[in-house]
Amino acid sequence: MGGGHGSSVDRLHLAGDTIIHRLAPHVKIVATFAFVISVAISPRQRVEVFAVAFACVLTLIMVARIPLRVWLARCAVILPFMTMAVLVPFVGGGEQTEVLGVSLSTDGLWAAFNIAAKALIGASASIVLAATTPVTGLLEGFARLRVPRVLISIVAFMIRYLDLLVAQLGRMRTAMVARAHDPRWLWQAKPIASSAGALFVRSYERGERVHQAMLARGYTGVMPDLVEQSRPRSDWWAAIVVPAPVVAVLVLGLL
Amino acid sequence: MSCAPLSVDGLCFTYPGEHHRALDGFGLQVAAGERVAVLGPNGSGKTTFVMHLNGLHQLQQGAITIGDLEMCDDNLAEIRRRVGAVFQDADDQLFMPSVRADVAFGPANLGVPKAERDAIVERALTQVGAMDLIDRTPHHLSGGEKRRVAIATVLAMDPHMLVLDEPTSGLDPFGRRELADLLVSLPQTQLVVTHDLPFALQICPRSVVVSGGRVVADGPTAEVLADTALLEENRLELPYGFDPSRV
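As given, the protein sequences belong to chains A and G, one line each in that order. For the first sequence, the working numbering assigns the number 1 to the initial residue and increments by one for each residue that follows. For the second sequence, the working numbering assigns the number 1 to the initial residue and increments by one for each residue that follows.
Okay, chain A solo, but in the shape it has when bound (with noise of 0.2 Å):
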């Protein structure tokens, strides 16, 4: 179940026998949004804690070994975000600092460094689980964490479909291209909006196509229970050692 093969859902995983690689993927989903959480209800001011949060997440992508260009590439995920914490500074009201010669809302760079400190480290948590979890890896954890399992059927048939879903958009746009279609200007968008709706339809054909299969083979209304149970160890470790620098932190300073 490597990465590559061209798959668009596969390919955030990067094939490795770190031990982050190794531990088992419900403690790797509850260690990341332990985590997360952990850095995401730390007060901004209190900068040693995303200091610690910031050396914890450097440390886990050196020792999962993801190349650092891998990483900054996939960061560029929170670029949006970033955009707007550049603005708040200069719209910003309350006590003005001077940076640089130009005058700056205090609160305002406060605000900022909050938001690009937390997306920062939450993408790169999300990344490193993302890199060293294949997809099937993490629907078995999520099922694993009793995550109702309609919901993760609904996931799995996603991931399942996505790519035919992608190559058949691509087909079509092929088909439009070949026929000189070369959108410029808005009121030229009515083929791709026409054909967003014919990739619905198909899309809801291919559903009752599969849905049918199902049936075909047993299918009762309820997704047969198919973990595999192969992987009972328990890491839970793991579930610990990860947030735990970034509480400590966080709880000393309130003592």
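No lab work stands behind these hints: they were computed from the structure. In this text, all values refer to a predicted model and were calculated from it rather than measured experimentally. Check the hints yourself; a few may be wrong.
As the list claims (entries may be wrong) - Taking lysine to any residue and the SDA-like style, the derived pairs with C-alpha atoms no more than 20 Å apart in a straight line are:
(1) G:Lys-114 to G:Met-131
(2) A:Lys-190 to A:Thr-174
(3) G:Lys-114 to A:Asp-225
(4) G:Lys-114 to A:Arg-146
(5) G:Lys-114 to G:Asp-158
(6) A:Lys-190 to A:Ala-178
(7) G:Lys-114 to A:Met-223
(8) A:Lys-190 to A:Arg-173
(9) G:Lys-114 to G:Arg-81
(10) G:Lys-114 to G:Asp-135
(11) G:Lys-114 to A:Trp-187
(12) G:Lys-114 to A:Thr-220
(13) A:Lys-190 to A:Thr-220
(14) A:Lys-190 to A:Gly-218
(15) G:Lys-114 to A:Tyr-219
(16) A:Lys-190 to A:Val-177
(17) A:Lys-190 to A:Gln-212
(18) G:Lys-114 to A:Gly-101
(19) A:Lys-190 to A:Val-201
(20) A:Lys-190 to A:Ala-175
(21) A:Lys-190 to A:Gly-170
(22) G:Lys-114 to A:Val-222
(23) G:Lys-114 to G:Ser-142
(24) A:Lys-190 to A:Tyr-219
(25) A:Lys-190 to A:Leu-169
(26) G:Lys-114 to A:Gly-170
(27) A:Lys-190 to A:Ala-180
Take the given structure of chain A and dock chain G to it, following the hints.
Here is chain G on its own, set in the frame of chain A:
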């Protein structure tokens, strides 16, 4: 593993909201272990018939018996176990995140305990020569591999009868030959619905021609394919240069 005879009598079916009968007095008798090709043009009712064999269409008129079981709501679960339907688009049939989970789906629905399921999955995949694909993701498989895994998903339910809808569509000649070898090696009663007349001749000793929702011809495949008037009447055509009498 066992195989069951099939008996279909006077099957009629009209899709909701339509007047045209998709099936109009469809009748067919198949002996246990027989392999029969179902030939016919597009829209002749072949797929509607396939849906009936698995209880995916409600019976409107007529009767279907598989082995000693008559098609009715009470027998539906058992009939779906006994009749393995392999659909035209393998992507519709393989919907789980891994080949292993997909083949296990049927047995799990039948309530087979986890401990026995692994052995069943491995046996079914070995039977179709796809054991090496067990941990792969279905969307990474080639057309031929998908088809074999799709057949494994129904073999895992220990069916008495296989119904294959256009099994050679989208296969390259090599994959098509592998499929022929596989189907001939399986002991179950088989109905092979196809446009691929040489394929029918290769693996099915008997063929029926379906047109207008009923069986219009029934006989040894070589004889059916030699009847040019019959073929033309039913929009069936042999590939250029193919002579069934010289195979």
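Going down the list of hints, with the structure as the test:
1. Under the criterion of a C-alpha separation no larger than 20 Å, the hint pairing Lys-114 (chain G) with Met-131 (chain G) is consistent with the structure, at around 19 Å.
2. The straight-line distance between the Cα atoms of Lys-190 (chain A) and Thr-174 (chain A) is roughly 16 Å, inside the 20 Å bound, and the hint therefore holds.
3. A threshold of 20 Å between alpha carbons decides the hint, and for Lys-114 (chain G) with Asp-225 (chain A) the separation of about 9 Å falls inside it, so the pair holds.
4. Between the alpha carbons of Lys-114 (chain G) and Arg-146 (chain A) the distance comes to roughly 18 Å, so the proposed pair stays at or under 20 Å and holds.
5. This hinted pair checks out: Lys-114 (chain G) and Asp-158 (chain G) have alpha carbons roughly 16 Å apart, not beyond 20 Å.
6. For the suggested pair Lys-190 (chain A) and Ala-178 (chain A), the alpha carbons sit about 17 Å apart, so the restraint of at most 20 Å is met.
7. A hinted pair counts as satisfied when its Cα atoms are at most 20 Å apart, and Lys-114 (chain G) with Met-223 (chain A) qualifies at roughly 14 Å.
8. Proposed proximity of Lys-190 (chain A) and Arg-173 (chain A) is supported: the alpha carbons are some 13 Å apart, at most 20 Å.
9. For a cut-off of 20 Å, the pair hint linking Lys-114 (chain G) to Arg-81 (chain G) stands: about 18 Å separates their Cα positions.
10. Restraint check for Lys-114 (chain G) and Asp-135 (chain G): the C-alpha separation of about 17 Å stays at or below 20 Å, so the hint holds.
11. Only pairs whose Cα atoms come within 20 Å are accepted, and Lys-114 (chain G) paired with Trp-187 (chain A) is rejected, the gap being roughly 57 Å.
12. With a C-alpha separation of about 18 Å, the suggested pairing of Lys-114 (chain G) with Thr-220 (chain A) holds against the 20 Å cut-off.
13. Between Lys-190 (chain A) and Thr-220 (chain A), the direct Cα distance comes to roughly 41 Å. Violation of the 20 Å bound is thereby established for this hinted pair.
14. For the hint linking Lys-190 (chain A) to Gly-218 (chain A), the alpha-carbon distance of about 43 Å lies beyond 20 Å, and the restraint is violated.
15. For the hint pairing Lys-114 (chain G) with Tyr-219 (chain A), the CA-to-CA distance comes to about 17 Å; that is within 20 Å, so the pair holds.
16. Of the pairs offered as hints, the one joining Lys-190 (chain A) and Val-177 (chain A) holds, with about 14 Å between alpha carbons and a cut-off of 20 Å not exceeded.
17. About 34 Å separates the Cα atoms of Lys-190 (chain A) and Gln-212 (chain A), which puts this hinted pair outside 20 Å; it is violated.
18. At roughly 70 Å between alpha-carbon atoms, Lys-114 (chain G) and Gly-101 (chain A) are farther apart than 20 Å, so this suggested pair is violated.
19. Proposed proximity of Lys-190 (chain A) and Val-201 (chain A) is supported: the alpha carbons are some 17 Å apart, at most 20 Å.
20. Simply put, Lys-190 (chain A) and Ala-175 (chain A) have alpha-carbon atoms about 15 Å apart, close enough for the 20 Å limit, and the pair holds.
21. For the suggested pair Lys-190 (chain A) and Gly-170 (chain A), the alpha carbons sit about 17 Å apart, so the restraint of at most 20 Å is met.
22. About 16 Å separates the Cα atoms of Lys-114 (chain G) and Val-222 (chain A), which keeps this hinted pair within 20 Å; it holds.
23. A C-alpha spacing of about 29 Å is found between Lys-114 (chain G) and Ser-142 (chain G), which places the hinted pair above 20 Å, so the restraint is violated.
24. Restraint check for Lys-190 (chain A) and Tyr-219 (chain A): not satisfied, since their Cα atoms lie roughly 40 Å apart, outside the 20 Å limit.
25. Proximity of Lys-190 (chain A) to Leu-169 (chain A) is assessed by CA-CA distance (about 15 Å); at most 20 Å being required, the pair is judged to hold.
26. Distance hint between Lys-114 (chain G) and Gly-170 (chain A) is unfulfilled; the C-alpha atoms sit about 40 Å from each other, more than 20 Å.
27. Restraint check for Lys-190 (chain A) and Ala-180 (chain A): satisfied, since their Cα atoms lie roughly 14 Å apart, inside the 20 Å limit.
Checked against the numbered hints given earlier, this structure breaks hints 11, 13, 14, 17, 18, 23, 24, 26; the rest are met.
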